[in-house]
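Here the protein sequences line up with chains B and E, keeping their order.
The first sequence begins at 1 in our numbering and counts up one residue at a time.
The second sequence begins at 1 in our numbering and counts up one residue at a time.
Be careful, since some hints might not be right.
[Stated by the list, open to error] Lysine to aspartate or glutamate pairs mimicking DMTMM-like chemistry, simulated, CA-CA at most 25 Å apart:
1) B:Lys99 to E:Asp26
2) B:Lys42 to B:Glu59
3) B:Lys58 to B:Asp79
4) B:Lys58 to E:Asp26
Hints listed in this document are in silico derivations from the structure and should not be mistaken for laboratory results.
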Amino acid sequence: QQQVKQSPQSLIVQKGGISIINCAYENTAFDYFPWYQQFPGKGPALLIAIRPDVSEKKEGRFTISFNKSAKQFSLHIMDSQPGDSATYFCAASISGNEKLTFGTGTRLTIIP
Amino acid sequence: SAVISQKPSRDICQRGTSLTIQCQVDSQVTMMFWYRQQPGQSLTLIATANQGSEATYESGFVIDKFPISRPNLTFSTLTVSNMSPEDSSIYLCSVDSGQTEAFFGQGTRLTVV
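The shape of chain E in the complex, shown without the other chains (with noise of 0.2 Å):
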């Protein structure tokens, strides 16, 4: 299994700042991902993060928005940029155990104003 701490666990945020959402792994994992849960939505997956390498970014998410860091094999960094109240949400790290269990960070919930 992994633990995963994320920080901020919960924000407030002016209209058109950005956060830093700080993903911390206690083991070392390949694939990082980073998921999105709009309030009493399902989860959408914004980006797969691979540490050395540029972020994979889905469909209807940009990297100017969403920029994303993984500078080693234990942490990630996503980054919400010029934030309108649309983004408010729950964001979520979540890394592969590589037998495919993907285990979640208790996300961080995102409120814009």
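Chain B extracted, bound-state conformation (with noise of 0.2 Å):
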């Protein structure tokens, strides 16, 4: 099976730092990878996405990097705040085969 393997599990970050999580994948076929942020009692959110024609995406506080050599993005937030604490998923897939792979999860906590 395909594999997308993220990394930290879980994470504990101060107000106002920036937290980050890493994913890693396996098939260069894919073309799309997705963050998404899940809250206890809720489905996936979809947060930030890149293609790998860019290095660097940026939203608001939300910034996925990209690197296609080493087959790893990563997702950055920065000025973390206690509202940020969630479940974040990466994901990825190919063009015309809307299958998500996913990764394991981080659980973010942000401390006042």
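Please dock the two separately framed chains into a single complex, following the hints provided.
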């Protein structure tokens, strides 16, 4: 099965700090890399996504960095807030095949 | 965007019984997906449901255990059959926006006792 490896499993960051979550993939056919945010009792919601034609994408406090040669991508949350406390999943898919392969998830806790 | 409603939101079921989960979308979509999220785990795709054709199951999932219906472009059901405690999970319905963005329902939390 095509895999997406995610780390760390859990992360505690002080309010105002930078949260960094990393993912690595194996299948070079993947060409769409979204990040999902999931709060308890809710379904995952798309946070930000990137395609391999760019190395970085920023939306507000959230930035994806993408390294095609290393087959890695990461999520950076700047100025982390308690409301960012959630589980984050990276994912990957192939255009034309809309099935998502998810990473194992990172439980992020932002402490005051 | 798409708004997805799942029913029930949670249920506690006896082993050996079956539960049917409903997924209703507020717009017509070609493909609907069913995922399983075991406690504290990631999401695993069970099957892809297209209207008018048999669902396509991923490795490790079979139709006899997880029969799926897709009677029209806005609705689908997933049945978890002959349940055992190992089936205790969150089951999520998802649709694709047509631009690769996937939307998820709030999930059905199933506990099998």
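Under the criterion that the straight-line Cα-Cα distance not exceed 25 Å, is the pair lysine 99 of chain B, aspartate 26 of chain E satisfied? holds (21 Å)
Taking 25 Å as the top limit, are the C-alpha atoms of lysine 58 of chain B and aspartate 26 of chain E close enough? violated (30 Å)
Is the hinted pair lysine 58 of chain B and aspartate 79 of chain B satisfied, with a Cα-Cα distance of at most 25 Å? holds (14 Å)
Mind checking the alpha carbons of lysine 42 of chain B and glutamate 59 of chain B for me, to see if they're no more than 25 Å apart? holds (22 Å)
Hint check: a violation occurs at hint 4 only; the rest are consistent with the structure.
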